[in-house]
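Construct the complete structure from the given sequences, taking the supplied hints into account.
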Amino acid sequence: ANDMSDHPAVEVSWYGATAFCNYYGFQLPTEWQWQAVADYDGSYTYGCGGTIDQSIANYYDSGASNPLGLLSRPHTSPVDHYLSYGYGLNDMAGNVWEWTSTFSDSAGVIRGGSFYGFDSDCAVSFRLSYLPDDTLFDTGFRVCR
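Its first residue numbered 1, the sequence shown is counted upward by one per residue in my numbering.
Note that these hints are calculated values from the structure, not bench results.
For every residue, glycine included, the Cβ atom is placed at its ideal position computed from N, Cα and C.
Heads up, some of the hints might be wrong.
If you anchor each label on the Cβ, the simulated ranges turn out as follows [unchecked claim]: (1) Gly-42 / Ala-19: 32 to 40 Å; (2) Asp-133 / Gly-42: 29 to 37 Å; (3) Asp-6 / Arg-145: 20 to 28 Å; (4) Asp-80 / Arg-145: 15 to 23 Å; (5) Ser-43 / Val-79: 20 to 28 Å; (6) Ser-43 / Tyr-15: 31 to 39 Å; (7) Ala-36 / Ser-120: 14 to 22 Å; (8) Ser-84 / Ser-5: 14 to 22 Å; (9) Asp-3 / Gln-54: 20 to 28 Å; (10) Asp-53 / Tyr-15: 32 to 40 Å.
Here it is, written out as structure tokens:
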């Protein structure tokens with residue numbers, strides 16, 4: 001079996017992510033805080049720079065190899081598997097979608113793309129929204145203060 005202890009938590013609802021943050025004194029970033037950090041100095045197309053490929057971000061590419069050697073592909077990667085970018089953060093592009101505190105039409109906004117999404121999903125400007133009680137296999141969260 002693969003050791004997943006250093007992989008991001010997934011299948012967490014917006015409510016679960018918010019409860020975690022409240023309990024530990026954190027908060028979910030707003031959508032715009034998330035984008036400002038992912039975009040770094042305004043020159044990033046993706047949270048990992050101006051370009052993206054699977055050597056720098058974990059997203060789905062049907063023609064790609066299995067660089068992590070996991071039993072199934074696609075899958076999450078360890079949180080420090082890829083280099084950090086911008087403000088020193090990892091996985092601002094790909095790996096798992098991240099809940100933000102922002103709502104759009106009664107749905108929580110997620111950002112960043114995932115191991116199961118295409119490179120275009122990882123663009124800094126791309127967003128999706130889901131019901132706050134949804135627990136998605138490729139969605140987690142990032143905290144801030």
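For each hint, the structure was consulted:
no.	hint	in the structure
1	Gly-42 / Ala-19: 32 to 40 Å	holds (34 Å)
2	Asp-133 / Gly-42: 29 to 37 Å	holds (35 Å)
3	Asp-6 / Arg-145: 20 to 28 Å	holds (22 Å)
4	Asp-80 / Arg-145: 15 to 23 Å	holds (21 Å)
5	Ser-43 / Val-79: 20 to 28 Å	holds (24 Å)
6	Ser-43 / Tyr-15: 31 to 39 Å	holds (35 Å)
7	Ala-36 / Ser-120: 14 to 22 Å	holds (21 Å)
8	Ser-84 / Ser-5: 14 to 22 Å	holds (20 Å)
9	Asp-3 / Gln-54: 20 to 28 Å	holds (22 Å)
10	Asp-53 / Tyr-15: 32 to 40 Å	holds (35 Å)
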